[in-house]
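Here the protein sequences line up with chains F and V, keeping their order. Using my numbering, count along the first sequence one by one with no gaps and you end on 151. Using my numbering, count along the second sequence one by one with no gaps and you end on 291.
Since the hints were made in silico from the structure, they are not lab data. Cβ coordinates follow ideal geometry from the N, Cα and C atoms, glycine included. Heads up, a few of these hints could be off.
Said to hold, decoys possible - Selected chain F positions facing chain V (in silico; Cβ < 8 Å):
{"hint": "1", "residue": "Phe28"}
{"hint": "2", "residue": "Val32"}
{"hint": "3", "residue": "Ala42"}
{"hint": "4", "residue": "Ala43"}
{"hint": "5", "residue": "Ala47"}
{"hint": "6", "residue": "Ile61"}
{"hint": "7", "residue": "Ser87"}
{"hint": "8", "residue": "Asp88"}
{"hint": "9", "residue": "Gln89"}
{"hint": "10", "residue": "Phe91"}
Stated by the list, open to error - To spell it out: a stretch of chain F is covered by chain V in this simulated footprint if at least three of its residues, at any positions, have a beta carbon under 8 Å from a beta carbon of chain V; those stretches are:
{"hint": "11", "segment": "48-60"}
{"hint": "12", "segment": "67-75"}
{"hint": "13", "segment": "114-121"}
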Amino acid sequence: MPVTAELIGRVFGPGPAVTVDAAHLAAFARSVGYHEGPTVDAAAARAAGFADIIAAPTYAIVLTLDGAAELSRDPEIGLDFSHVVHSDQRFEHVRPITAGDTLTVTTTVRDVKSLAGNTVLTVQGEVRDGSDQNVCTSWTTLVIRPVGQES
Amino acid sequence: MAPLTVGQEVPEHVIHLRRADLRDYAAASGDRNPIHLDDDVAAEVGLPGVIAHGMLTMGHAARIVSDAAGGAWTLRSISVRFTRPVVVPPQHDDPGYAELRIRAKVTAVDETTGEATIAITATFNGQTVLARAEARAVPA
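So that you can see chain F by itself, here it is in the shape it has in the complex (with noise of 0.2 Å):
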């Protein structure tokens, strides 16, 4: 089954535990332009009261993508990320993402419509922590274009 209306609903996922590393989210915030701060420096995160280094506020997208890559993993789904071009985001947070959170994340086709011969495929990706409580929810719209139709 490609990617078609059908396919609104569906759900993939928990995928796999993550445990997030404090080295790891501090790259990510660096590579977006924090200096300084809880995003990168544990002590001022404990000085603001988080218990270790905090995401950045986009952070949260390492994770949805590779839920999102569920699909294309899917052998009767077949979606070909080189055929993708990312058109919307977004990300409502319920507590901050921080260093030492064990996360998963459920991923839930919302949409999939066609839109001059491409398709465009919306999902939302969930992420939970180890006490099952909601931590940040992103959706995420790619554009997916015909395989074979370069430009």
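Chain F is fixed; fit chain V onto it per the hints.
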């Protein structure tokens, strides 16, 4: 930090994105799509050269807004539409970077919670690269 007020502006930030920044973001995020790293692959899909990850532009926008509100955790939501590619020239070009300009403005404040709605403007070569870009922040 003082509460945000309607009409308050986050001054324009100028960001120079270099190829090395794209490599750093690819390594940190795990998004190693070659259209962000390899001119040949970018050309194959009809781009004039390697382009910045949309999430790199969004990440800078989120940082700038969160810094204005008092830190990373003040930012409770952010949504954007990626409208145009940001083409990043090689280091040896003049200039060897793409210049992003990001600014923001508070459009609403919830009197009870202090939560501010903030409209974000991001341009590259004078053209919008993030549309419908909006964040909500609770000032620290």
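Structure-based check of each hint:
1. For the restraint placing Phe28/F at the interface with chain V, the shortest Cβ-Cβ distance is roughly 4 Å, inside the 8 Å limit, so the hint holds.
2. Interface hint at Val32/F: satisfied, since its Cβ lies 3 Å from the closest Cβ of chain V, which is below the 8 Å cut-off.
3. Taking 8 Å as the C-beta cut-off, the interface hint given for Ala42/F is violated, the closest approach to chain V being about 14 Å.
4. With a cut of 8 Å, the hint placing Ala43/F at the interface with chain V is violated, because the nearest CB-to-CB distance is about 15 Å.
5. Annotation: Ala47/F was flagged as interfacial toward chain V, and the flag is violated, the nearest CB pair being 11 Å apart, outside 8 Å.
6. About 5 Å separates the beta-carbon of Ile61/F from the nearest beta-carbon of chain V, less than 8 Å, and the hint is met.
7. Nearest Cβ of chain V to the Cβ of Ser87/F: about 6 Å, under the 8 Å cut. The hint holds.
8. The closest approach between the C-beta of Asp88/F and any C-beta of chain V is roughly 5 Å, which is under the 8 Å cut-off, so the hint is satisfied.
9. Annotation: Gln89/F was flagged as interfacial toward chain V, and the flag holds, the nearest CB pair being 6 Å apart, inside 8 Å.
10. The beta carbon of Phe91/F is positioned within 8 Å of a beta carbon in chain V (closest approach about 6 Å), and the interface hint is therefore held.
11. Check result for the segment 48-60 of chain F against chain V: holds, 7 residues qualifying (beta carbon to beta carbon below 8 Å, three or more required).
12. Judged by the Cβ-Cβ criterion of 8 Å, the segment 67-75 of chain F is not covered by chain V as claimed, because only 0 of its residues qualify and three are needed.
13. Given as covered by chain V, the segment 114-121 of chain F fails the check, having 0 residues with a CB less than 8 Å from a CB of that chain where 3 are the minimum.
Hint compliance for this structure: hints 3, 4, 5, 12 and 13 are broken, all remaining hints hold.
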